[in-house]
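Trainee: Put chain B on the given structure of chain A with help from the hints.
Protein chains in written order, with the UniProt record's numbering: chain A, 1 to 167; chain B, 1 to 167.
Incorrect hints may appear among the rest.
Since copy identity is lost for identical chains, a pair holds within one copy or between any two.
What the hints assert, rightly or not - Each computed SDA-like pair below joins lysine to any residue, with the alpha-carbon atoms no more than 25 Å apart: (1) Lys126 - Ala63; (2) Lys126 - Thr114; (3) Lys134 - Pro56; (4) Lys134 - Ser54; (5) Lys49 - Glu124; (6) Lys126 - Gly68.
Derived from the structure by calculation, the hints contain no laboratory data.
There are 2 protein chains.
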Amino acid sequence: MFLIWSLVSSKTLSQRWFSSATTPQVLRTGDVLRQSRLFTEEDVIQYSKVSHDSNPLHTNPTAARDVGFEGPLVHGMLIASLFPCIISSYFPGAVYVSQSLNFKFPVHIGDHITGEVQATNLKENKNRYLAKFKTRCLMNGELLVIEGEATSMSTTLTFEQKQCKEH
Amino acid sequence: MFLIWSLVSSKTLSQRWFSSATTPQVLRTGDVLRQSRLFTEEDVIQYSKVSHDSNPLHTNPTAARDVGFEGPLVHGMLIASLFPCIISSYFPGAVYVSQSLNFKFPVHIGDHITGEVQATNLKENKNRYLAKFKTRCLMNGELLVIEGEATSMSTTLTFEQKQCKEH
Chain A
1 MFLIWSLVSS KTLSQRWFSS ATTPQVLRTG DVLRQSRLFT EEDVIQYSKV SHDSNPLHTN
61 PTAARDVGFE GPLVHGMLIA SLFPCIISSY FPGAVYVSQS LNFKFPVHIG DHITGEVQAT
121 NLKENKNRYL AKFKTRCLMN GELLVIEGEA TSMSTTLTFE QKQCKEH
Chain B
1 MFLIWSLVSS KTLSQRWFSS ATTPQVLRTG DVLRQSRLFT EEDVIQYSKV SHDSNPLHTN
61 PTAARDVGFE GPLVHGMLIA SLFPCIISSY FPGAVYVSQS LNFKFPVHIG DHITGEVQAT
121 NLKENKNRYL AKFKTRCLMN GELLVIEGEA TSMSTTLTFE QKQCKEH
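So that you can see chain A by itself, here it is in the shape it has in the complex (with noise of 0.2 Å):
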């Protein structure tokens, strides 16, 4: 079941967004699932205490300054969950497969960001759908801060709305 098939990618990709979907869709080599959301101070502090980061340049405005950022930074695994997030938010039960990331700008609290999953290879075996994502999160809907690829296993391809919560 934790078998990674060899995906390639598709060339050209045609778009669909569904960031409001709510009728029955069955996904395609092109499409778009997005979700947006502000990360708080709360939002950090929470997740420094469930993953033990204790890193300062999260909670410590000083120590973040000091190494040249504005403010203190949003953890980017906190970020990058986005993702997850909204895969099995049009998927529920699905398997995380893989997932690949670099964070190529910094993101402080309340910086709004939006994660995008685009399908870039779809693939069948045994009533089992594969399916590989190019991933990306956009600030303010335009600057690119982090870039990947996942994978996902799930028992199907069609979704009917997406449940993750929007700020």
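Mentor: This is chain B only, laid out in the frame that chain A set:
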């Protein structure tokens, strides 16, 4: 500051282990930093809240068993948070540059997980150190459940002690 240099992994790596390091050391290629943790149901609940990830695999025993698991799974991204946690506990203020993750086996609530980061390439540029790590999570000290690579940037390679909590 967020430019990722091209890094080449070292060939044969000697290993030093620092899970209980308390005296000043300088990180060298081949060194392994590690941290163990047991993820509880409360951890999973708190992570679901902060990540907004409502995948029933993590909170609903029936949903988890329906797709072949023994019970609710720990979120892969929560387990993977061990990597930046380990790095920043040795190098407070370190900036996370990249992470790749392959989730190879499921981790259930209560499983004992050890995270390891092994330095594979260290590069200095203008008093900033770019460190590339091989990253692994092992269940019960032997089963490889997550593997990948990480890159971080810090102002020093000298460390004194880890700060992450252990269970």
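Trainee: Against the structure shown, which of the earlier numbered hints fail to hold, in ascending order?
Mentor: 2, 5
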